[in-house]
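Here the structure of chain F is known, so what remains is to put chain Z in place on it, guided by the hints.
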Amino acid sequence: MARMKFLCDADRCSECNACVTACKNEHEVPWGINRRRVVTINDGKPGERSISMACMHCTDAPCASVCPTNVFYTTADGVVLHSKDLCIGCGYCFYACPFGAPQYPKVGNFGSRGKMDKCTFCAGGPEADNSKEEYDKYGTNRLAQGKLPLCAEMCSTKSLLAGDGEIIAQIYKQRVTKRGYGSGAWGWQTAYRESIAS
Amino acid sequence: MAKLFAQIRFIAAAFALVLAVALTSPAAAQQPSSVNPSAAAVQEQKLLQELSRIQGRISIPDSRASVLEQPAGRDWRDFHQVTLRWIGGIVILGMLLVLVLFYLTRGMVKIENGRSGRKIVRFTSFERLIHWMTATCFVVLAISGLNITFGKSLLMPLMSPEAFANWSQWAKYGHNYLSFPFTIGVFAIFLMWVGGNIPNKVDSEWLKRGGGIMGKDHPPAERFNAGQKLIYWIVVLGGTAVAVTGYLLMFPFYGTNIDGMQLAQIVHGVVSVLFVAAMFGHIYIGTIGMEGAFEAMGEGTVDVNWAKQHHSLWLQEEAQKGTAGSSAKGRMAPAE
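Top line first, the protein sequences correspond to chains F and Z.
Using my numbering, read the first sequence as starting at 15 and increasing by one per residue.
Using my numbering, read the second sequence as starting at 83 and increasing by one per residue.
The shape of chain F in the complex, shown without the other chains (with noise of 0.2 Å):
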């Protein structure tokens, strides 16, 4: 089985936001909510990289340990994966999350967190794959359908690499080597505890 990973290669990503935006689209994501964007490091300085940033997919995912509810689980592929159903809207998961990827939809006065969206990996959630309620509450189910994530596959300057996480690290391997440099594969330490040699 493969170990689905994101990577973005931020010495190619131009901040054209257009995953941020194919996201928003694909899953029709609740107002307020993005699920995946972009960060620019050292903004008009020497040095400047911009880093699409979206739930990682931990290895051992902070996320997953800290629920009272336990309502994330990883599937086949690596990807974590939430029950809104079983969801009570605590907070506990953004606080332990390193990326910031969990958010919580307004839905009343204070102490009213809704329910917890983040990016699923275009992998919906417990439903029946690409069932209407799945896609009502996690967006549409790519992955089901044999498809990669929305942002990576439309990424213009393919600085957004989704996929079998061997398979992408070689591509940012190769095209390290071929340009002679590379600022790293961003949160890959922190995410999944190894980082690519470049």
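Hints are computed from structural coordinates only; laboratory data are not their basis.
Honestly, I wouldn't trust all of these hints.
[Unchecked claim] One side only, chain Z facing chain F, incomplete, derived with CB under 8 Å:
no., residue
1, 150
2, 158
3, 246
4, 319
[As the list claims (entries may be wrong)] Every beta carbon over 10 Å from chain Z, so not counted as near; a handful from chain F, in silico:
no., residue
5, 44
6, 82
7, 88
8, 119
9, 141
10, 143
11, 154
12, 160
13, 170
14, 172
15, 177
16, 184
This one's a predicted model, so the numbers in the text were calculated from it and none came from an experiment.
Backbone N, C-alpha and C define an ideal beta-carbon position, used for all residues, glycine too.
Showing chain Z alone in chain F's frame:
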């Protein structure tokens, strides 16, 4: 002809200019890639070493999303999953064990001279209202709070995940909404009893004699003895700490960021389990631990012999005011 000559001269001048520029900066003209883009690039590990998190600029309206990475979440996870469970388990079970052993060795502290039948007012109905409002909220807050930390290990195996999620959802609502009357209660307790709870010389004497907890000794005490003063300050200071940290968690990003919320949760968790353990002690001594103690907060009156035994200085004071021995709620005070 003159026009053609002017054109040639113009082109020649342009060539000369280009040549001049090229000669003065040969490196830039011939080797544009000599600037190594990775040399100046920001490095993830370096940024994480400088600060515990990486923050940048973001173009979506949610400016809080500009934090790219904060690996501290993993440390907080260790606190929540390991450290807090150990602390909570040890202090709460430890307190229960101590109380059971204490009850088995010491038993209930009796009123030595028996009941006199005469009653004295100890807590007014307003004081009791505040006490029980705070106490009821505390019990719900404690159970729903412990559910967040221990529920999935202790309760979840007993029911379906759906039932547990449903219960936890209601427990969370209870926890959030009852925090308001609880906070008001703690504040009222602070104002109501602060006068009687300033530590003084009587307390050091009381503490020196161990409060008479063991044996038959009954050191003099005012309205509140040193043990009760301790409980009072645990409630006031502990209650303030859990209220402040709780509201920081309930209103995310008001005055805090994720680091602040992790810290708030750590303080909230640790203070809460200590608070629960302390309240077990409080409940014990107010019920099965001491004869005649519960009625102080239950009916508001205590037996005069109980007051003589446990709060001798307070009873003298009340006697001087002329309130001692008055019959409460129609109970007749027998003539002596």
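Point to revise | Which numbered hints fail | key: Violated hints (numbers, rising): 4, 6; every other hint is consistent with the structure.
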